[in-house]
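Undergrad: Note that the protein sequences, when read in sequence, are chains G and F. If you want the numbering used here, it's the position in the first sequence, counting the first as 1, plus 33. Under the numbering used here, the second sequence has 415 at position 418, and the numbering climbs by one with no breaks.
What the hints contain is simulated information worked out from the structure, not anything from laboratory work. Please note that the accuracy of each hint is not assured.
What the hints assert, rightly or not - Partial selection, computed: residues in chain G whose CB lies under 8 angstroms from chain F:
#1 144
#2 462
#3 939
What the hints assert, rightly or not - Label pairs and their computed distance ranges (CB to CB):
#4 G:763 <-> F:270: 35 to 45 angstroms
#5 F:275 <-> G:727: 12 to 22 angstroms
#6 F:175 <-> G:132: 33 to 43 angstroms
#7 G:278 <-> F:418: 49 to 59 angstroms
#8 G:295 <-> F:439: 47 to 57 angstroms
#9 G:277 <-> F:113: 36 to 46 angstroms
#10 F:275 <-> G:166: 46 to 56 angstroms
#11 F:202 <-> G:277: 32 to 42 angstroms
#12 G:278 <-> F:113: 55 to 65 angstroms
#13 F:439 <-> G:115: 50 to 60 angstroms
#14 F:410 <-> G:355: 55 to 65 angstroms
Note that the structure is a prediction, hence the values are computed from the model and not measured. No residue lacks a Cβ here, since even glycine has one placed at the ideal position from N, Cα and C.
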Amino acid sequence: MMMKRVLVFCLSLILSVQAFSQADPYKYGGIYYVNDFTDRDYTPAPKGYKPFYISSYARHGARYILSESQYTRIHEALTRARKEGNLTSFGEDVCARYEKIYPQLKDRAGELTPLGKKQHKELGARMIETYPEVFKGAAKVHAFSTDVPRTIQSMAAFLEGLREANTKLEIKSDASLADKHFLNPQSRDHRYANEWYWTEVREDRAQWRQEVFNPMREEHIDWQSILGRMFKDPGKALGKVDPFKLTYDFFFLAMNMTSLPIEADFMDLFNEEDLLALWECDNFEYYVEKGPAVYSQGVSRALAGYMLDDILTRAEKDIASGKVQADLRFGHDGCLMSLLTLMNIGTWNEVVEPERVKDVWQVADIPMAANLQLIFYRNKSGDILVKPLWNEKNLVLPIEPAEGPYYRWTDFLAYYRPITEEAKALLAAGIPYNIIGRVTDADGRPLEGVGVSDGLQITRTDADGRYRLYSRKKRGTVFVILPSGYEPGSADGIKPDFHARLEKPYYEREEHNFILHPVDQEKYSMVFLTDVHLSNDPIRGDLQIFHDLTMPFLKAKIDSLRHEAPVYTVNLGDFTHELFWGKCNYGLADGYRTFVQEGYPTMMFSIPGNHDNDPAVMGPDTDFRAEHIYREVMGPTYYSMNIGKQHWIMMDNIIYVNTPGEGKKAPGVRGARNYERGFTEDEWTFLRNDLALLPDDAEIILCTHCPVIKDDGTGTYHNNPEETAKLDEAFARFGKVRVFSGHVHDIFFCENEKFPHMTQLMLPALSGNMWSTRSNPVICMDGEPAGIFVGRFAPESSSLEFRSQMYGDVAMRIYDMNAVRAFYQNDPQMRKEIEKYGTHIDYAAKEYTNWIYVNYWQFRPGETVEILENGRPLAVERTADEDPLFSVSFAPVWAGVEGAKIFTSHKSRSSNHMFRARAKTAKGKILVRVRNASGEVVREEMLTRPGTFSRDMQ
Amino acid sequence: MKRFLLICLALSGAFSAVAQELYYPPAREAYQADPTIIRGNYTLYDFDTPAPTPAPKGFKPFYISTYNRHGARTYGSSSGYDSWYRVLTAAAEDDQLTPVGKELYDTFMTFYPDVQLRGGDLTETGHRQLRRLGMRMYKAYPEVFKNHPVIDARSTTVPRVILSMAEFCDGLKTCDPTLDITQTASTTDRYYLNPHSSTNPHFRPEDKEFDSGRHTWREQYLALMNDHIDAEAMLGRFLKDVSYADKGGRSTRMDLCRLLYNLAVDVPCVTDKIDLEHFLTPDELFYFWRAENFRFYSVAGRTPAHKGRNWALEETLLKNIIQTADADLADGSVQVRLRFGHDFYLIGLATILDIPGWNIEESDPEKVDAVFRHYCSPTAMNMQFVFYRNDLGEILVRASLNDREVRFPIAGFEGPYYPWTSFRAYCQARLSVAKEILSSTK
């Protein structure tokens, strides 16, 4: 029964789009439509009932175009094109027509037209004529208008219509901001104005516009054809104006003409197809801004709750007191759309996909002077009926009627009061949070004050451990900023469960709870891994080396640390290598699985390196999209956490570019795999928010894949030195920030006075030079043995120690260059390499006789290196000369090996920490002594000569 | 009441320089005689007006042209009410109100809900004033209205003004519901309804700058308060700890005090149930009024500070009155022209017309109160030009300001009835003076 009524209503209200054009092409103008209201219903009152009170809401009458800038833009586009000879002959004609009437349009945007006044005066006159019982004698009329001139003038005209029929009426009118919440709840300046609604629904940067509406316009509206009829070069005609804006300016100009006291017609600017497209997009925009579309999460509709509340409350009060006979409200189109939606009328409240909106929503049904009237009837026993009218036609409500179009007031209240309260409750909650959850310990006890982030903003849990965020879900993640003294759980013992991937679109709410476990972190150890570069390459046999050498080394080291305190690991990126993902069928997930299968013994906190990006991804937003595999396998690409006394900030400083078509080719690689070093805007947002929550005495550790600073030149590895300066500045209020990074595969401590708030350690690659130095399988390019650093953090003192995989705690290697010379002279592979490529230093040369080279990889800023021969100091200099062990161990050994080309490089590698001195003799005993900045001796190492040199030397 | 008698007396006299200086009684005496004068432009319209001088025999009214200020309103901005709300609630919460402060708090709170978010709104009194003026006009000129005149009403686009226009017209229609009135509130009329707007072709950035007073009269305006009023003492009567005054978010404590004066003198526009004026001393009221009086004089009056540009800008309004009259008299298309706007522009209109009481230059801020009184620009202030005609087609004009006849220094005529041609020539001469000022000071 009820279904059928709704159907009948739909049929009467919603025409097929085809029917539109045949009936009246001006209906495409949507809210610009002018209805003559001649099709009206009058259903006689049920027996014994008389009208006694009226409550209404009416849109202002016919008006000029909405905004003056629309008239100006058309004027400027046409006259400029005319001057530039950019008008077609049709365009000349349009220009002449427009310029003729422009003086009559100028400065009148938004103004009520004579027709608009007439509409309202007639509405008033008809109301008093139809319901004289309500307006007899000195009946009291209360009229409310928004503070917009055309609306106030509409009210005045309506009241004039009443006045002409009864000069005794006591009319009270008002147009105050104080009443705006129930007259125009969607405005931005009333007492309950909803800022979320404005930023997330109304403004140009709203997400649904970017994701749905703008593409819809691009797809449907052929602005080039439309403007091309008038302008020879439509692009040129636009100047700086948005093409859709100008197209719609012309569209609304044409559609608005029926409202104006001006004889002119611009309908010939458009064909049927254009009109349909322009209408559909315009109509859809209203559906989101004012209707039930999912993107506003009920807020657009709920705003009408203030209107419905006023209608119900005022009716109850005025009926009870009998002091006011009519409450008349004057406002705007959008408010009526929301009201019909909230009142669940017809199909106004139907949620459908964008393409179907035109079948359930047609805003031409809210023409100029559109109005909702509720006529109240009463019988002698005091029973009250309501007759709702929409544009003076009977309106079907989703309520069982008492009789015909009449509804019991009690039923009306019973149905609409809860809807009103629900809407108000939704608005009172403020922001429609779409990520919610709770942070607790394993027993469900709440953790208060824990930071939770969507990668941009950070909120904190309340006393009940609850957090809530409104997020555009841009980063696809939500994570907890671990509080000190707690660690997350982990399903596999490695990946920490401090984050969750977001699963629903931004306009749907999702819940993510986190469980953290208390742990004593007064002391703890951190293992720094970087550039692990597992790749399943049979040529290098990296997985075998990892299994035989590296994993036992790591386990042994971690086991020894475990006895003292909790141990965690940070992985600073380049966990695998994307050139081998396809070639060796071994992706990031496989690398991770190897760690799980080998039973890596601690939880590991990771950030991505350049080789963790998917080299098949190119195009817009490459940096974010190329991280998809990383996010899937590892989690968020940046975050922060508190462990013990330290605040760890884990940042991705690779901005992936992947220029199409260039660079090394391998399966799955489509671009040059190039990247910039720096932070994205999103990361800066997060970083600023994160730092803002820290006290001045916070001890900060920053982990990045690429180093941030270097000790010379621009002083920074980041592409933009100003960004590094900005970072340094951001750290200024804290103690010196320790930066740990990977990427360069070398150990190097460095500082730079340009960036005084940071000190940096570049870490050795766990893989050495990607497991490729064969007889000494894990040497870094700078010559040091590959390994790890371990940080031991304790309240009083923290320490940082290096452990090489093969040789333990070693700090330097002293070369007797006479031995190196001999090797270079005699090793056929090295000779071939030098002769073929000429890129390496030829240490066979005579000039290296009696030189002592000291590769001191644990060099720290401020230290001095002394070299003594038989106790006598030699003149020491620092040199960038390459490390001979690495040079002989890498490129030459792969000569002629099939398939090695992809990882082999013949480039010379300058050293960061090589010191040298020329000895007086070939046999003198060498002592290397290192003093720190205070002059204290911190290391002494001896070399007995003649020394040795071989590929498998320590 | 008394002051208007004085004006009338002065108006009927000769216009020597001496007479001009004696135009208003000394401000102190005026205040003692009528303590309500300190309400300034919030003064309620006085409907108790003298009967008009009968028209010369054979002359009947046939055309009306007016400019009307909106009716009583709340204080111009809601934040003014909010400032005192914040100060008083913060002090109350921390028990920092003196006994007088508590009394102020109680009084203010009974009233605050009625004015919250209503800054600048037309009040019920304002609605009634304009409706009454409409009815009064209908009754005063039945000859004009009985012939079903064409009535053209224009208002600025400010809500209280549009509502004022609607009420005035409703007053007319209550008398005769068949009247045909066109009401318009359009930006296109702004250049003459609000001559101090950028739509006035004469209006220049330095005029805007002058209106703000930033580099000109504002310092003098502040001195008029600072030299005579002790803001700390005034606040100390309400607040145990005067620093609570700073919760109001005003630029200075004096500004917060000035605000209380403004809110207090506006109260009669809103309600007759409370009184805030007694929270200020008679001296405070007087000196705040003098400062405000000076401000009005500076923006709209005959001040020499802007070389006359501020009132010469009224050229557009006066010209509109003359030109529409020319056209309407020529083709008979409109019989009643109603304009609705703001006090500044009516003061300016009286100034450009060189009406006694509005036409004296004074550069000493301390002496401005002797030559200018902004209580003469009450709520619903209006100027009407009523045109009379005899059977021979001769036309006379009678002008009134706030329903009191105005006499102009037009040689050969005592007024209040002037031949249209003479009055028109007088206006044209005034327009020439204004144009000369505008062009020579560009």
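Undergrad: Which of the listed hints are not met by the structure?
TA: Violated hints: 2, 3, 4, 5, 8, 12, 13; rest satisfied.
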